[in-house]
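Novice: Can you build the whole structure from these sequences, using the hints too?
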Amino acid sequence: MRHILSILIENEAGALSRVAGLFSARGYNIESLTVAPTEDATLSRMTIVTSGSDEVVEQITKQVNKLVDVVKIVDLNEGKHVERELMLVKVRAVGKDRDELKRTADIFRARVIDLTEKTYVIELTGTGNKLDAFLEALDRSLILETVRTGACGLGRGEWIIKA
Amino acid sequence: MKLSDSPHPQAIANSTEMLSGAEIVCRVLKAEGVEFLFGYPGGAVLVIYDEIYKQKAFSHILVRHEQAALHAADAYARATGRPGVALVTSGPGVTNAVTGIATAYMDSIPMVVITGQVPTHAIGQDAFQECDTVGITRPCVKHNFLVKDVADLAETLKKAFYIATTGRPGPVLVDIPKDVSAAKTPYHYPATVEMRSYRPVTKGHAGQIKKAMQMLLGAERPMIYVGGGAVLGNASEQVTELVRLLGYPCTNTLMGLGAYPASDRQFVGMLGMHGTVEANMAMQNSDVLLAIGARFDDRVIGNPTHFAAGNPTRKIVHIDIDPSSISKRVKVDVPIVGNIKDVLIELIAQLKAAEQKPNGKAIGAWWKQIEEWRSKDCLKYKKGGDIIKPQYVVEKLWEVTKGDAYVTSDVGQHQMWAAQYYRFEKPRRWINSGGLGTMGVGLPYAMGCKFAFPDADVACITGEGSIQMNIQELSTCKQYQLPIKVILLNNRYLGMVRQWQQFFHGDRHSESYMDALPDFKKLAEAYGHVGMDIEKPSDVEGALKDAFAMKDRLVFMNFITDQKENVFPMVPGGKGISEMILAEDL
Ligand SMILES: Cc1ncc(C[n+]2csc(CCOP(=O)(O)OP(=O)(O)O)c2C)c(N)n1
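Chains R and B are the protein sequences, given in the same order.
Read in order, the letters of the first sequence correspond to residues 0 to 162 in numbering that gives the first Met the number 0.
Read in order, the letters of the second sequence correspond to residues 0 to 585 in numbering that gives the first Met the number 0.
Note that these hints are calculated values from the structure, not bench results.
One thing to keep in mind: the hints can contain errors.
Just some of the chain R residues that point at chain B, by a computed CB distance under 7 Å [to be verified]:
#1 S5
#2 E9
#3 A24
#4 K61
#5 K65
#6 D68
#7 V70
#8 V73
#9 I160
#10 A162
With a Cα cut of at most 25 Å, we get these calculated DSS-like pairs of lysine-lysine [unchecked claim]:
#11 B/K563 with B/K382
#12 B/K563 with B/K520
#13 B/K157 with R/K71
#14 R/K61 with B/K314
Here a beta-carbon is modelled for each residue, glycine too, at the ideal position from N, C-alpha and C.
Specialist: Written out as structure tokens, the structure reads:
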């Protein structure tokens with residue numbers, strides 16, 4: 000099953016490689032990984048999407064927790080949470096495709112954030128499924144490149160993950 | 000100005016004392032009560048060595064290869080319980096040390112490893128003797144640091160000692176660039192450190208301990224399985240009390256030997272791949288299993304699926320300081336995370352207060368069954384004849400040293416015979432590489448023990464393959480006058496490899512014959528030690544007595560042993576632990 004793990008980690012040089020190294024050394028999956036400093040600059044927040052049986056995910060959580068730089072790890076699947084991912088798509092936009100692409104983007108509440116005579120860059124945020132659906136809705140042959148951030152998430156309401 | 004605002008005179012002294020990074024290293028080692036620093040110099044640590052030259056607080060031990068410095072520091076920690084400390088230079092110094100670091104890591108040994116690094120401005124430039132030390136060692140340390148500012152050095156070293164020795168112990172490495180060891184800063188060494196990201200648990204959960212107690216008292220076929228964690232956690236006294244209080248059988252893993260006295264009737268021997276029939280059968284057939292500081296690894300329970308499926312109703316209680324050791328390979332019913340000693344003290348108190356007593360009738364029947372397994376006498380071997388049996392040498396060693404020596408071993412058949420036939424009564428006496436299985440540890444391990452306990456008997460049981468992996472340390476032993484006794488069980492084979500080839504690869508001895516062996520007696524003599532060749536069984540005991548009587552000499556005893564002897568019992572890799580091959584089966 001897919002799990003989304005949220006990690007608070009000391010913002011130290013090499014902290015990312017400790018987590019990434021652990022996953023590769025123990026053969027755990029990483030579907031996506033995002034990391035950036037938090038409002039407290041000494042801490043980074045990392046979100047890892049992984050998959051595995053409950054036993055494997057429990058081991059992942061314990062192993063990550065054991066890393067000396069990790070302050071906290073929470074499996075967001077254990078409660079209600081929201082998650083979002085950002086995607087940028089560059090498409091070939093000429094002739095009648097220009098309007099058609101704009102319409103599709105509007106339906107998905109995506110925005111065109113850069114345009115030239117022949118291209119658009121479209122920005123879209125949402126769950127991974129929504130991003131996938133948007134790509135499916137586009138004419139494949141028009142997609143020039145895509146980039147996605149991977150998911151990040153937070154617990155809902157009063158569920159607060161702090162150091 | 001209020002009185003309380005005036006700085007403490009000591010604080011002034013501290014804050015105005017300007018020390019170099021190298022001086023700080025020496026001061027910190029002194030403050031931590033370090034007796035021995037095992038190391039090897041080089042360019043990146045020259046500034047530190049210059050300060051070592053000027054101080055008297057600790058002794059630096061110059062080895063002949065960095066790997067040995069790490070192993071010696073590791074053994075010092077295993078034998079004393081205090082952290083071992085090593086110092087090596089950048090680049091090749093570090094890469095040579097990696098085997099030693101990984102060996103300590105696999106067995107959770109507390110160590111602080113200080114490494115030199117090229118100057119900060121040269122990092123990343125492919126400088127002479129540069130390597131990414133933090134990157135190379137990351138997967139085999141508990142934690143590591145690169146110190147880029149001398150102002151952080153003292154606190155980082157404090158953290159290193161704190162992390163290495165608390166929670167599940169392990170090696171911690173501190174990489175110090177050459178300019179950092181030369182730069183000066185006001186010196187202040189904190190008495191303690193707080194880390195929000197590192198707070199190891201200590202106390203076990205009282206409710207879980209109660210559940211464990213009830214489960215134990217309800218058991219009909221109980222088994223107590225004790226691993227290296229009990230030794231590392233200094234809990235052997237509590238283990239012994241608990242086992243005696245309950246009257247249940249007890250087994251120790253390879254790493255746990257000595258945690259429970261081997262001479263006791265309730266001890267059923269070591270378990271695992273080369274464990275006794277009674278230990279493995281009781282383990283497999285128990286209804287309640289108490290695991291203490293053990294991790295159900297593949298050399299202990301064999302195939303985990305077989306272990307579980309062969310006895311699906313078995314209940315498991317697992318006490319360990321590391322939550323990630325619990326339910327890793329085997330599903331556990333009552334996990335207790337905490338300091339083993341404290342948890343056992345609580346468990347014993349609860350057991351003593353409980354009205355319920357162990358089920359005497361069921362336990363009696365269980366012991367009857369265990370005695371039946373024990374009567375197979377699975378460790379018996381053919382005696383007599385005119386070839387020395389390796390097992391016999393270990394038995395005689397036990398007699399001659401009255402079972403009270405520090406025994407180190409390398410890796411191979413000799414290691415298993417040492418574990419099976421030297422009956423350890425006390426913890427921290429059996430020093431071997433259980434986790435990584437590193438050939439070459441034996442001699443440097445013996446050095447570490449001898450430095451820690453100069454008056455104790457220290458024996459290194461080894462093979463002719465393993466001893467040659469760090470034989471250069473005979474020179475270190477000469478320099479520091481270390482009267483170690485090397486017990487070489489010389490079978491002219493990489494014996495354990497040959498045994499697997501015999502059993503599983505059609506007896507094809509691919510590259511397992513040790514040809515062109517040196518004359519070990521002469522070799523020992525060349526290094527300035529006493530060498531002995533022992534070829535007849537009738538000479539074994541006398542030779543051992545002579546060797547141990549030479550209190551101030553290293554004696555290298557070359558026992559020419561039976562070439563084709565095998566280690567029994569044996570559980571083939573991937574099988575269940577009740578599927579043992581016995582000597583009599585072949
Ligand atoms: C550094 C290292 N290389 C290879 C091995 C694999 N290995 C395990 S036991 C063994 C043979 C050891 O031979 P020897 O030291 O002569 O001991 P014996 O088994 O004959 O008692 C080997 C090669 C190892 N454990 N460590």
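Novice: Are any of the numbered hints broken by this structure? If so, which, sorted upward?
Specialist: 1, 8 and 9
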